[in-house]
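Colleague: Whole structure, please, built from the sequences with the hints as guidance.
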Amino acid sequence: MSDVILQSIVKRYDATTAVDNVSLTIRQGELVALLGPSGCGKTTTLRMVGGFIPVTEGRILVGGRDLTALPPNKRNMGFGFQNYALFPHMSVGENVAFGLQMRKLPKADIAAKVKTALDRVKLSHLADRLPKQLSGGQQQRVALARALVIEPDVLLLDEPLSNLDAQLRNEMKLEIRNIQQQLGITTIFVTHDQDEALSVADRVVLMRAGRIEQMGAPDDLFERPASHFVAEFMGVTNLLAGTLESVGRFRLKSGEVVAVPVAGLSGDLALALRPERVILDGTDEALLANTLSAEVEFATYRGLVIDYRVRLPSGVTLIARRPSPAVGGPAPLSPGRAVRVSWQPEAGTLVPV
Amino acid sequence: MALYALVFFMPLGVLVGESVHPSGAPRLSLANYAAFFNDGVTFSIFTRTVRLAFFVTLTCLVFGYPLALFMRRAGPVLRLVALTIVVSPLLTSVIVRNVAWLLVLGREGMVNTLLRQAGLIDAPLPLLYNTFGVVVGVTHVYLAFLVLPVFSALLAIDTSVEQAASSLGASRFTVFRKVTVPLSLPGVIAGSTLVFVLTMGVYLTPVIMGGSFVTTLPMVMTDLVRTQFDWSRAAAFAIVLLAFIAMVMVASSRAERRIERMRGEL
Chain F
1 MSDVILQSIV KRYDATTAVD NVSLTIRQGE LVALLGPSGC GKTTTLRMVG
51 GFIPVTEGRI LVGGRDLTAL PPNKRNMGFG FQNYALFPHM SVGENVAFGL
101 QMRKLPKADI AAKVKTALDR VKLSHLADRL PKQLSGGQQQ RVALARALVI
151 EPDVLLLDEP LSNLDAQLRN EMKLEIRNIQ QQLGITTIFV THDQDEALSV
201 ADRVVLMRAG RIEQMGAPDD LFERPASHFV AEFMGVTNLL AGTLESVGRF
251 RLKSGEVVAV PVAGLSGDLA LALRPERVIL DGTDEALLAN TLSAEVEFAT
301 YRGLVIDYRV RLPSGVTLIA RRPSPAVGGP APLSPGRAVR VSWQPEAGTL
351 VPV
Chain Y
1 MALYALVFFM PLGVLVGESV HPSGAPRLSL ANYAAFFNDG VTFSIFTRTV
51 RLAFFVTLTC LVFGYPLALF MRRAGPVLRL VALTIVVSPL LTSVIVRNVA
101 WLLVLGREGM VNTLLRQAGL IDAPLPLLYN TFGVVVGVTH VYLAFLVLPV
151 FSALLAIDTS VEQAASSLGA SRFTVFRKVT VPLSLPGVIA GSTLVFVLTM
201 GVYLTPVIMG GSFVTTLPMV MTDLVRTQFD WSRAAAFAIV LLAFIAMVMV
251 ASSRAERRIE RMRGEL
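First to last, the sequence lines map onto chains F and Y. Everything in the first sequence is counted per my numbering, starting at 1 for the first residue and increasing by one. Everything in the second sequence is counted per my numbering, starting at 1 for the first residue and increasing by one.
These are calculated hints, taken from the structure and not from any lab test. All residues carry an ideal CB built from backbone N, CA and C; glycine is no exception. Treat the hints with care, as some may be off.
Unchecked claim - Simulated restraints, written as ranges between beta carbons of each label pair:
#1 Y:PHE63 to F:LEU61: 42 to 48 angstroms
#2 Y:PHE176 to F:GLN82: 22 to 28 angstroms
#3 F:ALA69 to Y:MET110: 42 to 48 angstroms
#4 F:THR56 to Y:MET110: 44 to 50 angstroms
#5 F:THR56 to Y:SER171: 21 to 27 angstroms
#6 Y:LEU78 to F:LYS122: 44 to 50 angstroms
#7 Y:LEU90 to F:THR25: 56 to 62 angstroms
#8 Y:LEU69 to F:LEU61: 31 to 37 angstroms
#9 F:GLN167 to Y:LEU90: 49 to 55 angstroms
As the list claims (entries may be wrong) - Facing chain Y, from chain F, some residues (calculated, C-beta under 10 angstroms):
#10 ASN76
#11 LEU86
#12 HIS89
#13 MET102
#14 PRO131
What the hints assert, rightly or not - Reference listing, derived: stretches of chain F covered by chain Y, where coverage requires no fewer than 3 residues with Cβ under 8 angstroms from a Cβ of chain Y:
#15 48–56
#16 61–75
Modeller: Next up, the structure:
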């Protein structure tokens, strides 16, 4: 069993604290995404687990074994680098064989394992090529095969998809998830892309300024953000500051009072409202408890959807997203037009500021 | 372009022309070239010059490679300090530099005095006026030509490639042997070639630090010109030396190209 346990990990550089008391338990076979903006400490955390950066405080345990003081070569972890870090002077086959040679396996075993590993990523036919002769996606696959062939206890991936173009990224995302599930390997996946984290991970850990801001299943973070920061990072574009007036009644800073779900919160709050939930000129008034009049400020055509920025009389602006005519959506609204803006109370989430 | 070609090739042409007109011979003759191989002295001096260049290159590698490694890891301040130390001999007059070495390595020099005071030796060690002295003096000044290319080759190595090797189970020494050294080879070849070629033409340092006990090919040529006034033979020897150096450079650039091709960079 290779549960990975981070116990109060701290990393300090002179005056700055890059990672501040991070504790995390990753179960055997789980894929956890470390998510956050650049500089949040996610990569530093990953590199500490890999052994490339010494921890200032705290312990790292894998399967009950304390690895905190061990160098990377004694940790039996597979590390996938952002730039793949293939050995440029070795062929694809030699790259994959490297870790097995370090383990002093017999030649025949090495050849067999290299073959299996390259088959798994569908690259056996390129075993004699050099890394430079491969495309980015192929290099990524070789890196993955090289990291997995040593049968590591843990797989660590540092932004594995960030150097690929959009289509390839989707393909690789599925492939990584697939292989990870097949092998049942405990995996930590670092990314700054919320979409990537949501679609690939069993559990998402959102970091901010060296600390864990929120962790949970993808739908937890997406549907129940615990803070203003999480809501914003998860793509909620409407965050309206205000205070609770009474149970279920929220007064915006700009004066409007709207209905909100009941929440055990008080003080300065923000109403998080996804643009998809904001309805323009809705007809079913019964479902639309919150209805305000507004004016379209401008429209942004985004292919499948059109984003409208609308302004309330108090000056507050909201983004509303509607399907575009391309997918059967209503005719576009032109700027300057008066509209009614509405949303269901349950569509909003209150978060502390 | 034409001007460059003129300035570059004209002296060479003159040199070639001079070399096939031995003094006293009425017609064109390769006698001077034959003398290089057959006069019983020159060729053996040439092989000894090659040997000296080889020793200097080796010494530069032994001292320069670790220094370049250190500079790669060092912070900006230490790096600058190391760089200044390595380059400083190039900015010092060759005479000053060599006289300083005489003071350090001589019979009554610093090294011998210290060793004697420490009771480690009874008689002074022969540190000067032999190949050792010359190697020290030449290494001192040419070290920079090895360190700089190696340093820049090391800087170009992506540290994550070394980390990858480490995560795959390679110890620090294995990472060095299997990744760092092979990836720095182009710099090593470039630097070694530079040092080797420069040492083949070194003159003043062996004169001062070798006394009359270490003779290099350039010393022979100077002697031909200055005391025997045999310009023609000196020119022929110069052409042979030049041809040899050209061969070394070609071999070295072939080796570099081969490495690059092995990495799929060509």
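Colleague: Next step is simple, just say for each hint if it's right about the structure.
Modeller: Structure-based check of all given hints:
1. Y:PHE63 to F:LEU61: 42 to 48 angstroms: At roughly 44 angstroms between Cβ atoms, LEU61 of chain F and PHE63 of chain Y fall inside 42 to 48 angstroms, so the hint holds.
2. Y:PHE176 to F:GLN82: 22 to 28 angstroms: holds, 24 angstroms
3. F:ALA69 to Y:MET110: 42 to 48 angstroms: The hinted range 42 to 48 angstroms holds for ALA69 of chain F and MET110 of chain Y, with Cβ atoms some 45 angstroms apart.
4. F:THR56 to Y:MET110: 44 to 50 angstroms: With Cβ atoms ~46 angstroms apart, the hint holds.
5. F:THR56 to Y:SER171: 21 to 27 angstroms: Holds, at about 25 angstroms.
6. Y:LEU78 to F:LYS122: 44 to 50 angstroms: With Cβ atoms ~47 angstroms apart, the hint holds.
7. Y:LEU90 to F:THR25: 56 to 62 angstroms: holds, 59 angstroms
8. Y:LEU69 to F:LEU61: 31 to 37 angstroms: At 34 angstroms between Cβs, range holds.
9. F:GLN167 to Y:LEU90: 49 to 55 angstroms: Once the Cβ atoms are compared, 54 angstroms apart, the range 49 to 55 angstroms for LEU90 of chain Y and GLN167 of chain F holds.
10. ASN76: Because about 8 angstroms separates ASN76 of chain F from the closest Cβ in chain Y, which is inside the 10 angstroms limit, the hint holds.
11. LEU86: Check passed: Cβ of LEU86 of chain F comes within 7 angstroms of chain Y, closer than 10 angstroms.
12. HIS89: Hint holds; HIS89 of chain F Cβ to chain Y Cβ min 5 angstroms, cut 10 angstroms.
13. MET102: holds, 4 angstroms
14. PRO131: holds, 7 angstroms
15. 48–56: holds (count 3)
16. 61–75: holds (count 4)
In this structure, none of the earlier numbered hints is contradicted; all agree with it.
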